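**Q** Sequence:
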Amino acid sequence: MGKQQTMDGNTAAAYISYAFTELAAVYPITPSSTMAELVDEWSAQGKKNIFGQPVKVVEMQSEAGAAGVVHGSLKTGALTTTYTASQGLLLMIPNMYKIAGELLPAVFHVASRAVATNALSIFGDHGDVMAARQTGVVMLAESTVQEVMDLSAVAHLAAIEGSLPVMSFFDGFRTSHEIQTVETIAYDDLASLVNQEKLMAFRNRSMNPNHPHISGTNQNADIHFQQRETVNQHYLAIPGIVKNYMAEINKIRGTNYDLVNYYGASDATEVIVSMGSVAPVVEQTVDYLNGQGRKVGHLNIHLYRPFPVAEFLAALPQTVTKMAVLDRTKEPGAGGEPLLLDVQSVMYDSEIHPLIIGGRYGLGSKDVTPDQIVSVYDHLLLPKEQVISRFTIGIIDDVTHLSLPALPKLDLTPVGTYQGKFWGFGSDGTVGANKSAIKIIGDETELFAQGYFSYDSKKSGGLTMSHLRFGPEPIKSAYLVEEADFIACHNQSYVFAYDVLKGLKPGGTFLLNTSWQEEQLTTNLPTKLKKELATKKINFYVINAVEIAQENGLGRRINTVMQGAFFKLMGMMPYEEAVALMKKEVIKNYGKKSPSIVAKNHQAIDDTVAHLKKITIPSEWADLTEPVKKLRENVPSFVFNIVEPVNRQEGDGLSVGNLKAAGMTDGRMPLGTAAYEKRGIALEVPEWNVDRCTMCNECAFVCPHAAIRPFLADEDELEEAPAGFVVREMRGADGLMYRIQVSLEDCTGCGLCVEACPAKGKALEMKPYEDQKAEALNWAFAMTLKTKENPIKKGSIKGSQFEKPLIEFSGACSGCGETPYLKLLTQLYGDRLMIANATGCSSIFGGAAPSTPYTTNDLGQGPAWSNSLFEDNAEYGYGMYLANNGRREHLATEMTRALEECQLSDDLRKLMADWLEHLFDSEGTQQRSQKLKHVLAEEKGQEPLLTKIYDQNDLFVKPSQWMVGGDGWAYDIGFGGIDHIIASGEDVNILVMDNEVYSNTGGQKSKATPTSAVAKFASEGKRGGKKDLGVIAMSYEHVYVAQIASGANPTQTIKALEEAEKFPGPSLIIAYTPCIAHGIAGGITLQQTKDAVATGYWSLYRYNPLLLAKGKNPMTLDFKKPDFSQMKEFMKSETRFSTLVGIEPEISEDLFDQTVANAKSRFYRYARIAGQEEKIREKLEKVKE
1 MGKQQTMDGN TAAAYISYAF TELAAVYPIT PSSTMAELVD EWSAQGKKNI FGQPVKVVEM
61 QSEAGAAGVV HGSLKTGALT TTYTASQGLL LMIPNMYKIA GELLPAVFHV ASRAVATNAL
121 SIFGDHGDVM AARQTGVVML AESTVQEVMD LSAVAHLAAI EGSLPVMSFF DGFRTSHEIQ
181 TVETIAYDDL ASLVNQEKLM AFRNRSMNPN HPHISGTNQN ADIHFQQRET VNQHYLAIPG
241 IVKNYMAEIN KIRGTNYDLV NYYGASDATE VIVSMGSVAP VVEQTVDYLN GQGRKVGHLN
301 IHLYRPFPVA EFLAALPQTV TKMAVLDRTK EPGAGGEPLL LDVQSVMYDS EIHPLIIGGR
361 YGLGSKDVTP DQIVSVYDHL LLPKEQVISR FTIGIIDDVT HLSLPALPKL DLTPVGTYQG
421 KFWGFGSDGT VGANKSAIKI IGDETELFAQ GYFSYDSKKS GGLTMSHLRF GPEPIKSAYL
481 VEEADFIACH NQSYVFAYDV LKGLKPGGTF LLNTSWQEEQ LTTNLPTKLK KELATKKINF
541 YVINAVEIAQ ENGLGRRINT VMQGAFFKLM GMMPYEEAVA LMKKEVIKNY GKKSPSIVAK
601 NHQAIDDTVA HLKKITIPSE WADLTEPVKK LRENVPSFVF NIVEPVNRQE GDGLSVGNLK
661 AAGMTDGRMP LGTAAYEKRG IALEVPEWNV DRCTMCNECA FVCPHAAIRP FLADEDELEE
721 APAGFVVREM RGADGLMYRI QVSLEDCTGC GLCVEACPAK GKALEMKPYE DQKAEALNWA
781 FAMTLKTKEN PIKKGSIKGS QFEKPLIEFS GACSGCGETP YLKLLTQLYG DRLMIANATG
841 CSSIFGGAAP STPYTTNDLG QGPAWSNSLF EDNAEYGYGM YLANNGRREH LATEMTRALE
901 ECQLSDDLRK LMADWLEHLF DSEGTQQRSQ KLKHVLAEEK GQEPLLTKIY DQNDLFVKPS
961 QWMVGGDGWA YDIGFGGIDH IIASGEDVNI LVMDNEVYSN TGGQKSKATP TSAVAKFASE
1021 GKRGGKKDLG VIAMSYEHVY VAQIASGANP TQTIKALEEA EKFPGPSLII AYTPCIAHGI
1081 AGGITLQQTK DAVATGYWSL YRYNPLLLAK GKNPMTLDFK KPDFSQMKEF MKSETRFSTL
1141 VGIEPEISED LFDQTVANAK SRFYRYARIA GQEEKIREKL EKVKE
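Read the sequence shown against the numbering used here and you will find it ends at 1185, with the numbers running on by one and no gaps.
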């Protein structure tokens, strides 16, 4: 027998798939990664499938690679599974055709997700699965977490019996990440359902030299057509097989699953047809409308391919007169979306012919609410001539006018269901705490539980929203909480940015995490919030969770404190019981990692109640008058019309016309928009001490968010300066005064600037955000200062920081290791920079619509940035480079012709000749361009050829082409592309920000992950070594290669970037990138990077083939004294390594030793290439003695 458990859709799919799987080939992609991660984790724990063995899990370099392994494994007789979504599924399509054609019983578990078009979306719709509907793979859809549990079993069982691959899919995020209380199915029950005869037949036809055969042949026109028709009987049989297994699950679970399920009035006149997670919302709406006397119904499609024609017609009430088919996808140019066309095809030969219309809904996880479904049913009541045959819901389409009218919000959550909403800060633990709370309530009480979580794209510093429901009956409300009994705001800055009380019921409870004392609330809380607290008679509580967390050594991790406060205020179980269960969860989550973390969290829980305070709301708050909101001056229209509404969480209200008017039709966005966000998320910000400052600019160099900068001001400008704008004389720049200025509203409080400061006694000190608010005025003034000519060499630490950073205020994590490299790149070459950015952290914070941190200089120049896909970034950037080169070469021919045919002044003739001579030279290209452009503008007159050349002046400057991304791209999925591009010998630059893990998808191992590191898909510590990407590139002997670490040696970093850019061929720079995924004790620090280099964990070098022509060794080792004896201590300061001690205590030291040995081997290999191995070995041995 199964048991009741609280889990999300991914966990349900993983639980079932594990039972039937012998081998799983995987590759991480959101939102499906969790399925594979759980299977890997269970395998590492020794969990057995129904065949009595742990599943073999193999992570591949891409989804295409995973699909290839699935195919090969199946051909050899092992039941094989994979998990994917979106572009990942598309990469598997070629193999899916093969697997289906060869009648192999694979199961593809898909958390369906939008496919990237003019923008990437990680959220759910059916764009991916619909792209695979022609492959021959059976397609089975699930609508809820419970259905994932039940019908995933049907998928595996039917695949075995039907000898066909099955795609078991459910909506990404809405189902994959929704937590529900479900009933599991026992593995013994599942095992009893397997058709052993069919399983043996599958194994018997596998490849084996004892009974050999060949497959994968090539066929000619004479037999190919006939051969394709031989599979027909399998597809005719599969609906019956699926139906039979649904009946078996029905016996176990007491359910009524069918290929098509009907819900509603038996004599319905209006029927909606849909597939996926919208089903429970439609069912709620059907009950609501039928309760008002309507006659409506719903057909929920489970088996989509082959389409169950007979079952569909049998389930459809004969009384239906009008039907609306809802598709969660868009197929531009088609007569309708896929499900609609299928339904129309089925109904063509039906005895009844109702009006059939089709609508799109929920693309990119757009929330679907009962009021939208009511709008569809209401629309079906209109006369035929008024009906929109192809409509949309949930948006406002004021361009093509396809959207149905928006109705007032309708929440059909049953009375008695407790609803809570939590405003969290990414990395503060809010989401994790709420997941824990749901599981505690769902598993330890008689209540049903539901949780859903939404995120923005600001990485660990972004907004998270948790939506929780608990009640005595199953919860069908597959939409966000609209009417809350409880709202918690975990970051006090949010009260200024968002309408945090929206949806809170009168008499509800509001909990605010704040550092403000009770007497400060009247002054600091916004008027609107105070008025609403009073008029709605809200129970208002405050707690300083940050203070409790910090006192207990938990940093910003306020999750256990806020969870404790929630249980205290919610009252759904005795608080003492809740405390015991919370502490049990802490042990479960952190017990193996660190006993001290367990103790700290336990103490934080114990401290919670004493610090929780109820606030008496002054009656006069109800009479407050909200001030008229002042519009900020000089705000660009894109920011005002698009960015600000989205940042206020009002993006759902933007219309199609709003986006079109903003120029977003093809996905483009203007630069410089992040500067208007002013998130104010730091708890502490740096304060500058002018007297101690050495004007080295190192603080600005290390700042990941460009929130601290040096400014130069002249005497005239300072006459307008605010009183607190203190300056000092700038040495070496006559008449200019110097100041370090912090943008406290853009600072994330990482503290790296303070750590970097070399001044005695430190010229920077972290101070509470609230105490530094006056600095906002100083920053505003600093931004009005004119750009000065750089008084220092740009290619130095100090000089580079006088150049405006053209990436600023990103949504990257606090202390991010990637952004300093990108910032420096823009300071050196930003005015002519072309960037192809691989999908990953850097693409998410680089293009998190509707804002971007990339910006422009005073002339409007800045990085031209674009993201295509994860796997093709090198090729994408190569295409940019080739196009630019081709266009500039064509321009060169035009200019050559002008020199021969046109009457030119001596100045213009010299400038053109000089431009042609230096066509492919980076140095001086901007100056040559400006001179040529100026003179050409004066002389072109009516000369057509000169006018034509002038009109192409955007091509005068030689662009600096860079392909940037992380190690997942460079070492794994995009390695083939990188290899091809560097082999080409073309003048392109590649920057790999190597944090040694797939951080963007949640921390899975890559080929850059070192031995012994614990990561997802390496839960027992990675056993293989780290790929040496640099040496691979060096083998071509025409590639510039450097390995850098800006936190350890900024001068070498600058030098490497400059040499790479000047190098007339391909360059590859591999940059050490500390990351929160490393679990660095005390957070990301510069010292950690310095230790990585000092202990030999990370080597620094530059390999420059130009030196060969000078008769010199091309290899330069930039750090020659690593102390490998300290490397293990360095590693153990990061939880990715130290965790291994708790997981594999017997072998952890051996694995650590192997990691050290690998690092030594790499270092001495570099020394050997540099011709210095013997000398360096001798010196290091002397030091050891």
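Keep in mind the hints are simulated off the structure, nothing from the lab. Take the hints with a grain of salt, since some may be wrong.
Derived Cβ-Cβ restraints for the label pairs, each shown as a range [stated by the list, open to error]:
no., residue 1, residue 2, range
1, Thr117, Asp907, 47 to 53 Å
2, Thr856, Ala610, 42 to 48 Å
3, Lys788, Lys910, 46 to 52 Å
4, Ala610, Gln1126, 40 to 46 Å
5, Leu882, Thr117, 19 to 25 Å
6, Lys760, Gln520, 33 to 39 Å
Once the Cα atoms are required to be at most 27 Å apart in a straight line, the calculated DSS-like pairs of lysine-lysine come out as [as the list claims (entries may be wrong)]:
no., residue 1, residue 2
7, Lys1160, Lys1090
8, Lys588, Lys931
9, Lys786, Lys588
This structure is a prediction, so every number in the text was calculated from the model and none was measured. Think of the CB as a built atom: it goes at the ideal place given N, C-alpha and C, for glycine as much as any other residue.
**Q** Hints first: check each against the structure and report whether it holds.
**A** Against the structure, the hints come out as follows:
1. Checked against the hint of 47 to 53 Å, the C-beta distance between Thr117 and Asp907 comes to roughly 49 Å, which is consistent with it.
2. Under the hint 42 to 48 Å, the C-beta atoms of Thr856 and Ala610, about 52 Å apart, miss the expected range.
3. Separation of Lys788 from Lys910 is about 30 Å and departs from the stated range, judged on CB atoms against 46 to 52 Å.
4. With their beta carbons about 43 Å apart, Ala610 and Gln1126 fall inside the hinted range of 40 to 46 Å.
5. The supplied range of 19 to 25 Å is met by Leu882 and Thr117, whose beta-carbon atoms lie about 24 Å from each other.
6. For Lys760 and Gln520, the Cβ-Cβ distance of about 36 Å falls inside the hinted range of 33 to 39 Å, so the restraint holds.
7. Between Lys1160 and Lys1090, the direct Cα distance comes to roughly 17 Å. Compliance with the 27 Å bound is thereby established for this hinted pair.
8. For a cut-off of 27 Å, the pair hint linking Lys588 to Lys931 is broken: about 68 Å separates their Cα positions.
9. For the hint pairing Lys786 with Lys588, the CA-to-CA distance comes to about 57 Å; that exceeds 27 Å, so the pair is violated.
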